[in-house]
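Please construct the entire structure, taking both the sequences and the accompanying hints into account.
What follows is each chain in one-letter form.
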Amino acid sequence: MGLKLSSVSHHFDGHLAVDDFNLSVGHGELVCLLGPSGCGKTTSLRLAAGLEDLQQGTISIGGRMVADGVSSLPPESRDIGFLFQDFALFPHLTIADNVAFGLDKMADAEKKARVLEVLSQVGMETRGDSFPHMLSGGQQQRVALARALANRPNLVLLDEPFSGLDSALRSQVRDQTLHLLKKSGVSTLMVTHDPEEAMFMADKIALMREGRIVQFGPPADLYCRPVEEFVATFFGEVNDFESEVGSDGHIATPFGGLESAGLTIGTKVKVLIRPEALILSSDDSNNEVEVMASRLLGRSSLIHLKGGEGGHFHSRMPSNFLPKEGEKLGVKLDLTQTFVFPAK
Amino acid sequence: MNTTDTRTVSFTGLIRLKLQVVNGWSLSLLFIAFLVAIPVLVVFGFVFVPTGEVWSHLVETVLSTYVLNSLWLMLGVGSGTLIIGTGTAWLVTMCRFPGHRILNWALLLPLAVPAYVIAYTYTGLLDYAGPVQSELRELFDWTTSRDYWFPAVRSLGGAIAMMSLVLYPYVYMLARAAFLEQSVCVLEASRTLGKTPFQSFRFVALPLARPAIAAGLALALMETLNDFGTVHFFAIDTFTTGIYRTWLGLGEPAAAAQLGACLMIFITALVMLERHSRGRAKFHHTTSKYRRIKKFELRGLRGGFALLACFLPVFLGFLLPAAILLGWTIETPEEWMNAAFWGLAWNSFVLAASASILAVCVALFLSYGVRLHPTWLNRTAVRAASLGYAVPGTVIAVGIMLPFAWLDNQIDAWMRSIFGISTGLLLTGTIAAVVFGYLVRFLSVSFNTVEAALGKVTPSMDAAARTLGVPPGKTLLKVHLPIIRGSLLTAGVLVFVDVMKELPATMIMRPFNFTTLAVRTFELATDEQLAEASSAALAIVLVGIVPVILINLAIARSRPGEE
Ligand SMILES: Nc1ncnc2c1ncn2[C@@H]1O[C@H](COP(=O)(O)OP(=O)(O)OP(=O)(O)O)[C@@H](O)[C@H]1O
Ligand SMILES: [Mg+2]
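Chains as they are written, first to last, in my numbering: chain A, 18 to 361; chain B, 40 to 602.
Don't take every hint at face value.
To be verified - Under the rule of at most 27 angstroms between Cα atoms (straight-line distance), these lysine-lysine pairs were calculated in the DSS-like manner:
#1 Lys128/A <-> Lys517/B
#2 Lys129/A <-> Lys513/B
#3 Lys199/A <-> Lys221/A
#4 Lys345/A <-> Lys361/A
#5 Lys334/B <-> Lys122/A
#6 Lys334/B <-> Lys129/A
#7 Lys128/A <-> Lys334/B
#8 Lys200/A <-> Lys21/A
#9 Lys323/A <-> Lys345/A
#10 Lys517/B <-> Lys361/A
#11 Lys128/A <-> Lys199/A
#12 Lys128/A <-> Lys221/A
#13 Lys221/A <-> Lys200/A
These are computed hints drawn from the structure, not numbers from a lab.
Structural data, given as structure tokens:
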């Protein structure tokens, strides 16, 4: 087991930032901590690193208990690597010295070899004598990653490691980082607030809200089987409306009835439909909707639809699909991307 | 179930509280902070010691004079520094006139001259026997002082003028920084709304800069209250001279401490005022965009006036006194071309160097300790330890001598009763006691500098080092020290120069027969040997120029947009 946090709670001056938090990262697994701003992601990560004193719960790394709320190992004894949002390279040390910073226990020759090895893993072996300020943002990120991995830690913690990079660079660095982490086989916990990034990187995602984990599982689970409305909406825009379970046991929608999934008759429900679940075509005339506007967004088109009594829906169709305003189209519902939750 | 939960929380909470205090860094931090705060605590403690007759005697006779003189002095120096400091700061930041670039930094030069030095110099120049009056008498055939009127230098007014001339740079420095910081946009907005440049200054720039100006003013006033050399020389009885006299003249340490406590209550009010205004200063930065200030061109007569207004303070506060001192020094080679003078210089150097090294080390330890464990207790302790700058040297001296003498007596009595040996005075009147006094007084100078520098090292640096397996102490050595090296040097230099200039605490606490440049200057001047005092005074002024240069460099570096 790479990392295990059990019943961890943490408050700042009475404000509960992390609330009864349970999470485990398997050996060699990459887990993403995802959630909106201020939900306690960074705090959880810092607790795991020992940069924040644990108040309640237990934390173990690599099967070893490192903090149990009474005593705790300081960060320097936890055998971890931490990649900071601002990279935190030491400005007074060269790249090579930065990477060698935590390698005190190695003999000089071994140290040198190891520095060269990790630097070449990130493609920076020629810049060992440069200083941090002479590198670009992407290069600094790679050096910081090399530094975090240099001592072969049990666990790597990454706090929004790509947010300091511009978007063109980000996808490239993201890709390299993923492969390097996977190749080195280290257990990783990464924080992000970008669902797409989480799905790109993660073996498993833990979605957080207000200090608690809402759902934990492989990305496909969270995307296709959200346990509550918050999860479905967090992964992208949805069409939502209220309805109720009719006397025939079905839920009425402008696009046909839905199965009630065991809910009793008369239950008020919230229906969530992803735009890509509204599949438009000219031949299907079972459920007709009227096009209000359509726009090409690049890889897909967004079609604004009028449906039911004053309802307004978005449909997302692949590539260039641009029906005219006022046109009537048939719509088919993709049930794997349609979710029903009891209304609150 | 819920109740058990809460109990576990509060139980572990308790252990955590204990752990916070018990860890080594916090413990040493609290100890050092306590040590440094002792003098202030002692002085305050004496408020509760009854002194009976002495105190009522003081109240009946001299106390009202002390209070009135100190108040007049503060009022005068306050207005003087405010007008000179703010006015010149506005002119050099916002206007372009002949010489504005040189004056921009030259206006800081009087900072190098201690008030007592400028007082001796002008006394030598303007006194009855001085060259100016002699020249006038010759010119107009006057024979005695009754034949003409000439302003007396040795007066309250004279003291106000002297101190204003060397203390205005505090206001100037902070006001200038505030004006530079202000977004030019607000001033331009004011202009487009139909205000003249002067009205924009009056209604926009000045109110915005008020917290900074107040902070500068508070510094100048603290220095005013701290001053001993000037008022003693001019025979003006203020709190500071009163404490000195009650202590050494009347031999009443408790009453002296109580006078000190009165003074400190006064200063506490000042400090709180300054804190209050600084608190609001946080809301200052309205924009992060830096726009180069478009300077207002002053031509012809107006340019000339601006030049004169900015040049006069530099001339009167630095150039003239420095030139006079230089002249006298050249006239009296026997005073400094001998081993005795260099012995004095060496004494000053040793004291200043050891105090500045100590002050920087302690400041580094305290600020790093708070960074590691920013608990309420630690922050309060450190704040208390750096209050010394607000406490006049005389008061600190009293606060140190009293407990040290008591401790000496205890040790002596104990040693005599056990071993039959008299140890005499082990702490009182030693170099160590003097250096400790400097530490108490100037710790905040080094602390502020070091803390600001540490603040610029992002916390993720610490975290990075820790997660890479390096413990806190080693992190300080391997990461922070190399990064903030330059600031440590600056902090050291600032303390060094302050110690070189320091007079009252040194006077009271120095070992018997141990003299420094400042003390020598004071002694000779008190004997009316003003020319003879000039070489020591000049040495102090020359050393004092170093921080002026440092401050200018720092400002130049932090303001890339400023020409
Ligand atoms: N040192 C601190 N003192 C007081 N409150 C804090 C501190 N650090 C975090 N908090 C509070 O704890 C909560 C969680 O903060 P945290 O930094 O973990 O959020 P986050 O999920 O990382 O957010 P973001 O995505 O914006 O980085 C927030 O409400 C924050 O205000
Ligand atoms: Mg965060």
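Structure-based check of each hint:
Our distance criterion of 27 angstroms between C-alpha atoms is met by Lys128/A and Lys517/B, whose separation comes to about 18 angstroms. With a C-alpha separation of about 21 angstroms, the suggested pair Lys129/A and Lys513/B falls inside the 27 angstroms cut-off, and the hint holds. Between Lys199/A and Lys221/A the alpha-carbon distance is near 14 angstroms, which keeps this suggested pair within the 27 angstroms criterion. About 34 angstroms separates the Cα atoms of Lys345/A and Lys361/A, which puts this hinted pair outside 27 angstroms; it is violated.
Taking the CA atoms of Lys334/B and Lys122/A, the gap is near 59 angstroms; set against the 27 angstroms cutoff, the hint is violated. With a CA separation close to 56 angstroms, the supplied pair Lys334/B and Lys129/A exceeds the 27 angstroms bound. Between Lys128/A and Lys334/B the alpha-carbon distance is near 57 angstroms, which puts this suggested pair outside the 27 angstroms criterion. Proposed proximity of Lys200/A and Lys21/A is supported: the alpha carbons are some 22 angstroms apart, at most 27 angstroms.
Proposed proximity of Lys323/A and Lys345/A is supported: the alpha carbons are some 10 angstroms apart, at most 27 angstroms. At roughly 56 angstroms between alpha-carbon atoms, Lys517/B and Lys361/A are farther apart than 27 angstroms, so this suggested pair is violated. Straight-line distance between C-alpha atoms of Lys128/A and Lys199/A comes to about 23 angstroms, which keeps the hinted pair within the 27 angstroms bound. Restraint check: the Cα-Cα separation between Lys128/A and Lys221/A comes to about 34 angstroms, which exceeds 27 angstroms; the hinted pair is violated.
Using a Cα cut-off of 27 angstroms, the hinted pair Lys221/A and Lys200/A holds, with the two alpha carbons roughly 17 angstroms apart.
The structure shown violates the earlier hints numbered 4, 5, 6, 7, 10, 12.
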